[in-house]
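Visitor: Chain residues, written in single-letter form:
Number of protein chains: 2
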Amino acid sequence: MNIPRTSYPRVVIIGGGFAGIALAKKLSKQEVQVVLLDKNNYHTFQPLLYQVSTGGLEPDSIAYPIRKVLKDFPNFYFRLANVEEIDTAKNKVKTNIGNLKFDYLVIASGSVTNYFGNSDIEKHSMAMKTIPQSLNLRSLILENFEDALLTSDLNERNALMNFVIVGGGPTGVELAGALAEIKKGILPKDYPDLDTRLAQIHVVQSGDCILKGMSAKASQKAEDFLEKLGVNIWKHVRVTNYDGKTVTTDTDLTFETATLIWAAGVKGATIKGLDSSDFITRGHRIDVNAFSQVKGFHHIFAIGDVAYMQTKDFSDGLPMMAQPAIQQGEQLGDNLLNLIEGKPLKAFTYKDKGAMATIGRNKAVVDLKKWKFQGVFAWYVWMFVHLFFLIGFRNRMVVFINWVYNYVRFDREARLIIRPFKKRHP
Amino acid sequence: MNIPRTSYPRVVIIGGGFAGIALAKKLSKQEVQVVLLDKNNYHTFQPLLYQVSTGGLEPDSIAYPIRKVLKDFPNFYFRLANVEEIDTAKNKVKTNIGNLKFDYLVIASGSVTNYFGNSDIEKHSMAMKTIPQSLNLRSLILENFEDALLTSDLNERNALMNFVIVGGGPTGVELAGALAEIKKGILPKDYPDLDTRLAQIHVVQSGDCILKGMSAKASQKAEDFLEKLGVNIWKHVRVTNYDGKTVTTDTDLTFETATLIWAAGVKGATIKGLDSSDFITRGHRIDVNAFSQVKGFHHIFAIGDVAYMQTKDFSDGLPMMAQPAIQQGEQLGDNLLNLIEGKPLKAFTYKDKGAMATIGRNKAVVDLKKWKFQGVFAWYVWMFVHLFFLIGFRNRMVVFINWVYNYVRFDREARLIIRPFKKRHP
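Protein sequence lines correspond, in order, to chains W and E.
Under numbering that gives the first Met the number 0, the first residue of the first sequence is numbered 0, with each subsequent residue one higher.
Under numbering that gives the first Met the number 0, the first residue of the second sequence is numbered 0, with each subsequent residue one higher.
Chain W extracted, bound-state conformation:
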C-alpha cells in the first residue's frame, strides 16, 4: 500500500465503527501517522438499522463518510480495504489491496452475526448488522406483502405475513415493535385487500426474559409494551433449525414463515493471525487486558465489540455496545500517546451510562444508573440520545425530520423496494 513513511510512528486502525472513530478523533492532532482501514467507506450507526429495515429512515442518514470524519486531520490516511491477515511476527497487515507495516495496531473490527454453527439458519435467515443487510430485509418484508396479495393458498399467505424474530435483545425487541406498528398503521392503508390480522410477529427467546442486560422492570415493561402491540413473545424456546419454510425449536412449537430474522447473537469479527485459541475467548472475542492490549503484545490492541475485556462489574466481559467501544477508543488514544512518550499506561475504567431500548411510538425503556423509567418520557430520552450520538449535522436533521413526520403522520415513507431481494436470492 503506497502510504509514505514519515518520522511519526504509524498506528493502523482496523475498522471505522464507534471504537475506531473515537480513537481516530483522539489522535487527530497528535504526532502519529494514522491509517484507518475499513471495508466500507462509511461509518454505520448500527442502533438505527432496524428503522432502515422498516422503512422509517433512509440508509444514507445513518451512514457517514469516513473520509469526512478524517478530512481535517493531518497525517491521516483512509483505505477501503479488507484486512485478510495480521502478521504479528513482521508487524504487518495483509489486505486485498496490499500489505502494510505498522508500529501500533488497533483491531476495532467489531462483530458479526453468530449462527452458532447452523448453516441452514445462516443460509435462509435475514441478519441486520449492516446497511445492505437492512435494505435486503426492508425489500423482503415489502416483497412478502406484495406476494401475499397474489397467492390464493392461505398457508402460503400466512407464511408470507408471519415474521419470526429470534433473539429478545434490543435489536429483536426494536424490530418487533416497528413491525407491529407497520401492521397497525401501514398495512391496512397500503393493502386494503389483505387481511392484516394474518400478519403475526413472533419474538423467540431462549432465556426467561427479553432485554436480558437491562433491569427486571425494563424487561417486564418492554414485554408489556410488545404484547400491547400484539407481538407474540415466546420464552424458554430455542430455535433449532430453519429450512426457508419451517422454523423448528427445542419444544413442540414450530413456525411456518417466509421470514426468519436472526438477532440471537453476535461474535467478535476476528482476523486470521490473531484468531487462534491463544487469543480468542468467550464470544469469539480477543482477550485484552485493562490497557486493551492483546495478550503477549505491547503494541497490538483490540477495542470495541471484538475485544473481550473483563472489569469488576462485568466479569463476563463488557457488553458489545456502542458505549464501551467509544470509551475504549478514547482511552486507548490517550494510552497510545503515553506509550509513545514512555509514560505509564492508565487502566480502562468503564463509565456505565446505562442502557435503553425503544419499542414503539411513546414506548421506550431507559435504565440509568440511579433512575429507571419507561414510557413516553423514556421515548423522548431515547430519541434525544440517538440523535446526539449520530455523526453529522445533516444526518441529525434528516433523521429528526423523518421522526417528526413519522410521528405526526403515523407513517414510514421509505417503504421502497429499491433492490428486490427475492429476485436476487430466489
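If you're looking for bench data, these hints aren't it; they were derived computationally from the structure.
Hints are not guaranteed to be accurate.
Taking lysine-lysine and the DSSO-like style, the derived pairs with C-alpha atoms no more than 30 Å apart in a straight line are [what the hints assert, rightly or not]:
1) W:K25 <-> E:K188
2) W:K271 <-> W:K24
3) E:K244 <-> W:K38
Model the placement of chain E on the given structure of chain W, informed by the hints.
Guide: Using the frame of chain W, we list chain E on its own:
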C-alpha cells in the same frame, strides 16, 4: 391476477411515472376500477437522479411509494408486475404474475436508454434512468477515486479519474456540473493525496450545441457555466464505441476512461403486442392521436415518454419530459370519463411551461415562454420548481434540508458506497 370484477369499467394503467400517476389522481374518485401496474413499488422523480449519483441526495427522498399515492382512492388496485405482452385481440395484459383483462388500457411505461444498437456501449457504460442505476454510478465514481489512490500506473489513474458523459441534454449537463463541483469541493478534502487536477470531465455531443431543446441563449450560457467549472465540451463529435477502456469517436478524438456515462438518448419503453411497425414510429414511441389513442383502437391509449404525439408546435412529437406526461395524464383522465359516458373527447393541447436545467451552485438556465434568464435567480427558480413537483411533504423537506446543507457547507454527504459496483460487475 385475483382482482375482483365490479360493475365499474376497468382501466389498467401500465407505469407509475409522471403520466400514470397524473392519470390515476384524475380517476381517483370516479366510477371506474383502476389497476396500476409497475415493476417498482415506487414512483421515481427522474429529474433528480443525477443528484443521487453524485452524493447530493439520498435515493429514498426522490422515490415515493405508489401504494401511498393510491391509498385513499376507492376501487384502486396496485400490483408489482412486469407487463410482458399486450393481447389487443382479447383485451388482456400478460404479466409475470398472471393475466389481466381490461376495458381500457393506458400504456404509460416511459422510456429506456437508447444505445442505438451498440452492444459494447450498452455493456460497458453507465446509465442513469433508474434509482438502482444511479446508485451504481454513485458507487462507481467513488470506487474509482479509491482505486486511483492505489495504482502507481499514471495512465490507469488518469482513466479512473476521467469521466466521459455522452449527450449534452439536461441529464448530461446537470451530471457534468455536479461532477465538476465534486472535483472542486470534495476531492481535495477527501483525497488530499490525490492530484485532483487529473480529474477530467468531458461532455461529448454530436450536435452543434448543448441543451438542444432550449433557447440559443440558454444553451450558450450553460456552455459558459460548464466551461467556467472546468468541464470540457466536445461538439460535433459522435461516440462510436467503448470497450470498457477506450472511447472511440467519429473524429480523431479518443478518451481513456473507466467511466462512460451514456446520456445520449432514450427511446419508448414499448411492450410486445404493440411494438410492431404498425404502431411504432420515431424514437421507438407509440404513435397516438390527439386523444392519446393508439392507432386502430378507441380503448387503448399511450401517454408520456412512450407516446409519440405530434402537435402544431411539435411536429417531431412532444418532448420526452415530465410536463407533457403530466398534462397528457390529466387530460386522458377527463377523456376516459367522457368516453365512458358517451361524451365527445377533447383533443390534447400542450401548455408549454418552458424548460430549465441547472449546472451548479448559483448556475441555472430557465426558458419560460416570454422570459429567458440565467444565473442565480434561475437557480432559485429551478430549485423551487423541483421541490414543488416532488411528491410528498417528507421528500420535499428532506431534499430541502440536503440542499441547504450542501449549499452552506459546499458538501455532499451521501458519498457512500453502500453496494459496491465493481465487485458485482468485475
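Visitor: Confirm or reject each hint.
Guide: We went through each hint and held it up to the structure:
1. W:K25 <-> E:K188: holds (20 Å)
2. W:K271 <-> W:K24: holds (27 Å)
3. E:K244 <-> W:K38: holds (26 Å)
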